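Q: For reference, the chains in residue letters:
Protein chains: 4
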Amino acid sequence: MKYDVRDLSLAKEGKLRVEWAAQEMPVLAQIKERFKKQKPLKGITVAACLHVTTETAQLAITLKEGGATVALCASNPLSTQDDVAAYLVKDHKISVFAIKGENNKTYYSHINSAIDMSPHITMDDGADVVSILHKSRRDKISGIMGGTEETTTGVIRLRAMAEDGVLGYPIVAVNDANTKHFFDNRYGTGQSTLDGIIRATNRLISGTTFVVAGYGWCGKGLAMRARGLGANVVVTEIDELAALEAVMDGFRVMPMADAAKIGDFFCTVTGNISVIRKEHFRNMKDGAIVSNSGHFNVELDLKGLRSISKKKRVVREYVDEYTLKNGKKINVLGDGRLINLASAEGHPSSVMDMSFANQALCAEYVVKNAKKLEKKVYNVPETIDTAVARMKLKAKGAKIDKLTPEQKIYLNSWEMGT
Amino acid sequence: MKYDVRDLSLAKEGKLRVEWAAQEMPVLAQIKERFKKQKPLKGITVAACLHVTTETAQLAITLKEGGATVALCASNPLSTQDDVAAYLVKDHKISVFAIKGENNKTYYSHINSAIDMSPHITMDDGADVVSILHKSRRDKISGIMGGTEETTTGVIRLRAMAEDGVLGYPIVAVNDANTKHFFDNRYGTGQSTLDGIIRATNRLISGTTFVVAGYGWCGKGLAMRARGLGANVVVTEIDELAALEAVMDGFRVMPMADAAKIGDFFCTVTGNISVIRKEHFRNMKDGAIVSNSGHFNVELDLKGLRSISKKKRVVREYVDEYTLKNGKKINVLGDGRLINLASAEGHPSSVMDMSFANQALCAEYVVKNAKKLEKKVYNVPETIDTAVARMKLKAKGAKIDKLTPEQKIYLNSWEMGT
Amino acid sequence: MKYDVRDLSLAKEGKLRVEWAAQEMPVLAQIKERFKKQKPLKGITVAACLHVTTETAQLAITLKEGGATVALCASNPLSTQDDVAAYLVKDHKISVFAIKGENNKTYYSHINSAIDMSPHITMDDGADVVSILHKSRRDKISGIMGGTEETTTGVIRLRAMAEDGVLGYPIVAVNDANTKHFFDNRYGTGQSTLDGIIRATNRLISGTTFVVAGYGWCGKGLAMRARGLGANVVVTEIDELAALEAVMDGFRVMPMADAAKIGDFFCTVTGNISVIRKEHFRNMKDGAIVSNSGHFNVELDLKGLRSISKKKRVVREYVDEYTLKNGKKINVLGDGRLINLASAEGHPSSVMDMSFANQALCAEYVVKNAKKLEKKVYNVPETIDTAVARMKLKAKGAKIDKLTPEQKIYLNSWEMGT
Amino acid sequence: MKYDVRDLSLAKEGKLRVEWAAQEMPVLAQIKERFKKQKPLKGITVAACLHVTTETAQLAITLKEGGATVALCASNPLSTQDDVAAYLVKDHKISVFAIKGENNKTYYSHINSAIDMSPHITMDDGADVVSILHKSRRDKISGIMGGTEETTTGVIRLRAMAEDGVLGYPIVAVNDANTKHFFDNRYGTGQSTLDGIIRATNRLISGTTFVVAGYGWCGKGLAMRARGLGANVVVTEIDELAALEAVMDGFRVMPMADAAKIGDFFCTVTGNISVIRKEHFRNMKDGAIVSNSGHFNVELDLKGLRSISKKKRVVREYVDEYTLKNGKKINVLGDGRLINLASAEGHPSSVMDMSFANQALCAEYVVKNAKKLEKKVYNVPETIDTAVARMKLKAKGAKIDKLTPEQKIYLNSWEMGT
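Protein chains in written order, with my numbering: chain D, 1 to 418; chain G, 1 to 418; chain E, 1 to 418; chain Y, 1 to 418.
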């Protein structure tokens, strides 16, 4: 069995933490029980490139219980939890290739190690496996039945590939499941981003001006939580509809050029590049705190920031203080990497429970439907989505109404009068 | 010119109120200016069955400015504003058939009067015109290019008809425009429903338990506003995903059988029938206040309520007090009709501005594309949706960012690295 | 029996509405039951100058059940509900002097009619009775045991009088009871002010900029509810601490000169004079909507507004449109009088229940302690305050914990270790 | 110079972190500048028993700049930041006696070391110095001019002592300054308690039931933030007025016996003992998470919990999992000590800025007024309170209005008409 982790002796601590996460992952637990009996992934190798956290551990174990051989590598060099990696290798015999803080070269070699295992299914969190397969490992594409993608960012790239006719195998856009992005992006990113910012800074949010760049599901969640902590929230957008929604939700909407001047905190969640640029950094207030919670660390133009700075020092773990040539100090958190993983622990288990339930069920779906699927990006089947919601609701102890026979008839009829 | 309104001498008051609404309808105003010049509806007759309010007046005037002949009838017997009807007839020579409080027979005869004018386009708010055309006026269907539908309820019925292959002409589901249902259903229904309940009762919302039946866009808006006024909100649902969202938004979710026992206020916004039934009424607290804000007055089973009551009296305008056989008193507002129109003035102009901008632009779209459209239910074209958002945002004075050339490339590329 | 009301035949409608209010006034109901038995106000004449509403009717009836002779006049010419006045006269033989819309002369003559009845106790809502007694009816002062005052505004004036040594008899500041101003000012004013604004305008609050002048308890309530309806709220203040609290609550704080330029809605709740002046009106946006919810109609400088206007017309009931010489239109609601009474129905019964329970219990307290009280402004005794809270909580069905014996000891001890 | 800290070599890291805090403490910075010039504490020894954090460091430095000799010991064994302690000793020559995790014996010996320095002024955070002085170091009392107290808990104890006539010297209740408890207790405790809980557990708050015991300022802050993060909040209380306020704020209020059965999270902020007892633990849901954010670790009856448990293990740093004899697992955070210090970093600097500005100014006040002050508990003088608010508001960049001459006259007059 191949693997590359920091230190196997960390397995014991990892075990405790993975068990802690499991308490909040009742949906995946139900799926694991079924997989254990039915082995729907028997003979299947899964290459999963995900944040190596306690929640991902539950997914990996679930896939293995379903009969799969699992190769797990990191989707971000900073997010790996070394004790979890050790635990998966030692106690579960899962091939993990991930070390927290690994450099770029090791990062890519780890992805290649996973590809070396000739996967039938890929699981991506930012399309890195798909990307490498298409760029330099095209020989391995033919053996792949299909893949899944966890992030908005990844889905955008994959749809662009499909549109260009270059996508080599079918992908299920797990990100687009309602039980994924409605919950993970909004409630998960909302809380965990603020958690990351507060851990990194220990600053009071209440009474500050908090600028959220992007009002997609992540941005909505972040804006809602920043307000919930007492901030006066400003939103920047490039889309008319999202901007209008932000206005109607009571937020101020303005271009970043204006927001830059008044913000105490800034956080990008756009999926786009260079959202905060040197012309913005230059006009910020002295002491402004800037972070990113989008998938890639490209949303802040740190190169531009460096070009207008005369000094940079670490003033606190995860806080780089840049002194600009104009004398102002700007604090950048977590080197611009997604802050909820850099300085906190990523999404709480409770939301990952649903995302990863979708992952597990979509892997099963790909195997069952391998022959029918084309080289396209697919939505998560509605039956999977509803099943996940039903299992979660039950775990929450919330009960709902059922349609009466009369109501069913009414909803299906157009003849019933006013 | 044919018409049937209460009293033409009310026109003067109607004029003032329509002008008041116009101040908050800048999007429709822009469209009206263009229509005036381009006359895209020249030679077209529109039969519009909508709530006859100040905002609808703006739409009717806009259509007329675009060259159309307009026949306007009421989509609800209680929602007609007689002064507005008079104003449209007297000052704008628009054929209005609507009298507040008209009985069922007059209501349908008014719809038929509009149909008598042989419309090329129908505009519905609950599918009543479509319904009557298909039931008893089939001769008029052949002359129709297409129609639009304003409500969720109507769209559900029309999709059912399309599915059954019985829909006689194409319909654009204006309700499904993002600039319609995101705003109208959520912000409009949210505020105006509480406005209606407060006007009808003068009760304090703060510190009460408020039960919202249904967590669609209307229900989300209502729950958000009831909480915003200090209520402890309980949600009932039949859909797993919506129920889960309500839980995550911090609301309690339970079956109506449980909610019935603890609510001070109840309001249905489901689009379904008999959501609150006699088994629920019977278990409510003494003095409970029950209303509906869904399109049709079928959501409360008032027949069932009457069957378990021993007395009914009007205790305040729009408040019927039922004394149950078990001694408890239940207050039903506005006879179960949608409360934001029954006891208040319906959606504020600001949201109707967007809905009706979509209506006007979709009417133009139907005329332009009459030959291409099939007998189906169509979504509002995205270009119309975006145009409406852009016009509204501008009117709000909110500015947004534009994509930089680098960002455009990034978003369209899948090759740019991590 | 003397009285002066609009029309006794309105009594029937008044009765229904007073009964409706009674459903939400369980605390006063309990007090009424006790008063009925104990007659603590036997032989006492009470001159009450309050808004003549359904809730005040309950108070008047309670006082009468306690043995008092009651003279009721209006504390505001616009707030009288003629049907309630009729009902009190006809069914309860209470002397009411109040007609909705009465002019200034009648207003004062009505107060004098109440004073003519030689009260032992005065109840004020803005200190008008006290004021007239001290200015022109000093002969009646000697017979007075004491009085109560309902408003912040009144208490400020009365404390100034006491400080100047000119107060002629003791006053209990009912306004300062926790169960009064915490609830009435915050929850009552919050909701009812927005209710008044919405009824007067039918405008959507969501997505607008709402300027609240003053962040006392009324201002806090109003800001909270405006935000709860989706507004972006701006606060103006003259007090450092209140301003800081507003900042920490996430609102923008700025001088009125700056707020004037950005507000869509303005509402004053300061207890001060000329808070919005012509230099502010002049810089407002075209179409701005301005109202007052403070006690007196002096917070808006309408004289100043008229001096910079070229035209004024009524565009909707309760809406005066001023066209400024600079061409902009400013809409003033309810002629600057407190808007929750002008265009809506004042505080909901539920909060008045607590305020008026304090009034009734304080009247009893004044009678019992007449000999001990000095010519000062007194706080409501804590026992009264707690009793009101306990009765309300019970009516709400909420239960609380009781201190254990161990906890009682702990709270009274300073020796128990860390 | 005497001191007892973990390791002087940590000073460098401490320096960076103290500087970081200083950025958010502009009010104290202004005071420090003045103290530096005026030396109002020349010749004065201050024994400060406070949480040894970066913010306290700023206070200690400010006092020293004012001329004082400072002895600093910890008010809680777990809250000491060893690097900060080292920095104060090494760079500022301040006597610090505090080591994170010190046992009870060392804790008290450290307090005695501070007392050994014969203070003129004591600063307490929970009345421990006062307590020890009165119990076992009475000889040192005569030299003391006065003291200050930071917490609600301490003030309650000191008032009890004053009432019993046993308080040996005057105390200023810094806790009761508006600029302290309005901000520190509400905004500081609110955010930092949730920060502590989230760091300890990494659990999602959204969609859970969060039970807050106590609705004082801390409880209000905590409830507001828990709701802000998406929880459904339940409040328990023993005071009628506070309970009623919670109801009106939209929370459910119930006895702990009922809340115990439905909570996912529990947090006590009461200042009382044994608020959650074994009869409550026994009925909690499996997996319930219980913490305390009140000053002393007595609010959870952990002895009672142990008596009904069969197993206890650490499952995550700061998380003790108790397995009850009935099989359920209960997770207790930070051993019941105040969670915002145990697992997070205590109040953010921004709120401590105001609390400690009050501390510094009250120390100056005690020195200036030593002869006038009696052995009582004093409120913070209003001039100090207002000065702190003014300085903070300025630092926040928020401007407010000033009274016009006309307004000043109006507010001081009772003769100005309606």
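Source of the hints: derived by calculation from the structure; they are not laboratory data. It is possible that part of the hints are untrue.
[Claimed, not checked] Restricting the straight-line Cα-Cα distance to at most 25 Å, the calculated cross-link-like pairs of lysine-lysine (DSS-like) are:
1. LYS285/E to LYS303/E
2. LYS303/E to LYS408/Y
3. LYS135/E to LYS15/E
4. LYS285/D to LYS394/Y
5. LYS135/Y to LYS408/E
6. LYS105/Y to LYS36/Y
7. LYS278/G to LYS311/G
8. LYS285/E to LYS12/Y
9. LYS396/G to LYS140/E
10. LYS399/G to LYS328/E
11. LYS15/G to LYS394/D
12. LYS42/Y to LYS12/Y
13. LYS396/D to LYS368/D
14. LYS408/E to LYS285/G
15. LYS311/D to LYS408/Y
16. LYS303/E to LYS140/E
17. LYS90/D to LYS12/D
18. LYS135/E to LYS328/E
19. LYS329/G to LYS376/E
20. LYS15/D to LYS399/Y
21. LYS15/G to LYS37/G
22. LYS105/D to LYS64/D
23. LYS12/Y to LYS328/D
24. LYS261/D to LYS42/Y
25. LYS15/G to LYS15/E
26. LYS12/Y to LYS15/D
27. LYS37/G to LYS402/D
28. LYS399/G to LYS303/G
Bear in mind the structure is a predicted one, so any value in this text is a computation, not a measurement.
Q: Which numbered hints does this structure break?
A: As far as the earlier hints go, 3, 6, 8, 9, 11, 12, 13, 14, 15, 16, 18, 19, 20, 22, 24, 25, 26, 27, 28 are violated by this structure, in ascending order.
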